[in-house]
Each structure stands twice: as C-alpha cells, then as structure tokens.
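Let the hints inform the model, and build the full structure from the sequences given.
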Amino acid sequence: MIPALAYAVILLAGASVVWGVITAITDRPPGKAQLLFAAGVWLVTLVQSIVAAVQLVRGFEPASMATTVGYLIGIVVLIPIAWFWANVERTRFSGIVLAVAALSVLAMTLRLLTLWVPAA
Amino acid sequence: MVTEPVRRTNSGAGRALVAVYGVFALAATSRATVQLATRYSEAPLAYLLSAVAGVIYILATISLARGTATSRRVAIVAIVIELVGVLTIGTLSVVDPEAFPRATVWSVYGIGYGFVPLVLPVLGLLWLRRTRSA
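Residue numbers (this note's numbering), protein chains in the order written: chain A, 504 to 623; chain B, 2 to 135.
Just so you know, nobody snuck in bad clues.
A few chain B residues that don't get close to chain A, going by computed Cβ distances all over 10 Å: (1) ARG8; (2) LEU46; (3) ILE63; (4) THR71; (5) VAL75; (6) VAL85; (7) ILE112; (8) PHE116; (9) LEU126.
Each pair of labels, with its calculated beta carbon distance range: (10) A:VAL591 <-> B:THR89: 29 to 39 Å; (11) B:ALA70 <-> A:LEU559: 38 to 48 Å; (12) B:THR71 <-> A:ARG561: 41 to 51 Å; (13) B:SER42 <-> A:LEU546: 33 to 43 Å; (14) B:SER42 <-> A:ILE525: 40 to 50 Å; (15) B:ARG133 <-> A:VAL524: 21 to 31 Å; (16) B:ARG8 <-> A:LEU616: 37 to 47 Å; (17) A:SER567 <-> B:ILE112: 18 to 28 Å; (18) B:ALA104 <-> A:ALA622: 19 to 29 Å.
Not close to chain A: a few residues of chain B, all C-beta gaps over 10 Å, as computed: (19) LEU60; (20) ILE82; (21) VAL95; (22) ASP97; (23) VAL120.
Everything labelled a hint here was simulated from the structure, so no lab data went into it. Built from N, CA and C at the ideal position, the CB exists for glycine as well.
The structure is reproduced here in structure tokens:
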C-alpha cells in the first residue's frame, strides 16, 4: 500500500459521498460528471489494490493476511457494482447508492491503513 | 393467481436499501469466512453466528433486489430473523460479554458498524410495509 494513495482514496471517496447526498437531496439522478468521478475513485482504489498485491507477492506479511486481502478485494468490487445498480433505475436514490459504496470504500481504506503493519 | 405488489421492493428508495444490505452481506460474509478459516477454535459460537448473519444479509439483499411477490416473503422472513438476531446477540453481548469473546457484526447492537445493523432491519420492515399491495 502507498499511504498517500490511501489518503487520496479517502478524500476522493468522501467527495463522492457528499456529491451523492447532494444530488439525492436536490432530487436529481447522478450526472455524467458524477458518474465519471465515481469511476475515477474506483481507478485509484484499483491502483492501490494492485500495488498492495504486488507487495504481498514480494513477501510483505501484514499482521492479518486474510483480513487485509479481503479488504483489498472489497474496495475494488464495491464501486463497479454500485455504479451499475445506480444506473439501472436512475432516480435521486442512485446518488445514495453511489454514496453508500463510496462510504464503504472510505471506511475500508481507513481500516486498511491500520491493518498494513508487518506481522510481529 | 399471485398478484404483483403495487410497488416493487427494488424500486426508488428500495435501491438505496438494497445497496446498504449488499455492503453488509459482503462485510458479514467476508468477516465470517476469515474468522472460520483462520481461527475457528477461538470462538466457534461467535464465528458461526457471524456466518449466519452473513447468510441472512445475502438472503435479504437478493430478495429485496428481485422485488417479486415471492421474494417479498423471503425478505420478510430474512429481515425478521435479522432483527431478532441483532436484538438477541446485542443484548447477550452486553449482559454476558464472556459468552461472546470475539466480536460479531451484531455484537452490542452493531456498535462496530455505527449501529447500522440495528437500524437496517427496522428500515427494511418499514419498506416492505410501504411497498405491500393493498
């Protein structure tokens, strides 16, 4: 993991949460820019998980390997699933769907930062 | 003939509800898998309950997402079990922490997940009530 990338994910995902809530409150489906932004957040999480996977393969051993791997996979799958689920029926609630996924990615990335310590 | 509900559970606000259920299905199932695979003997009861919670969340997610008349019934059963589960495990984990040495998603009413596990089944049942046919 690259901590700077993790903080970037946390910031971008946070913005995605706020954006989703705003379009829901103003009763609009997510716009094109918002959907592209969500795709961008996903791209950063993908880079992060690939970098982490390479580090794991090269021998980095986190204290809790199984949980760490689970979180690294989780942050990559959530946004695409939410993205499609939000687009099947486009209403104000699509924004909430994107926000839920982004908030989960944010929380999981925060947790990954504490998980990413070498095994004793 | 089975009449379709007036409003499907997977439409409107239901889509947001399914999203939250989906996240919990993923979280609870992954957590249980890791726990059962790596340290089952430490706390078999807590970890098996984690697995049960995961299955209940998966059932609720799929049945709410399908939104048919039949899946509504599955959703009601799953969400009632979920509510009973979070209230029972929540109370037991407060009254008798020794019985639950390792956290599950429902411990202390889901405190580790911002109490969402406590609110979610209530929202789920309210939503099923709102979308039922006349």
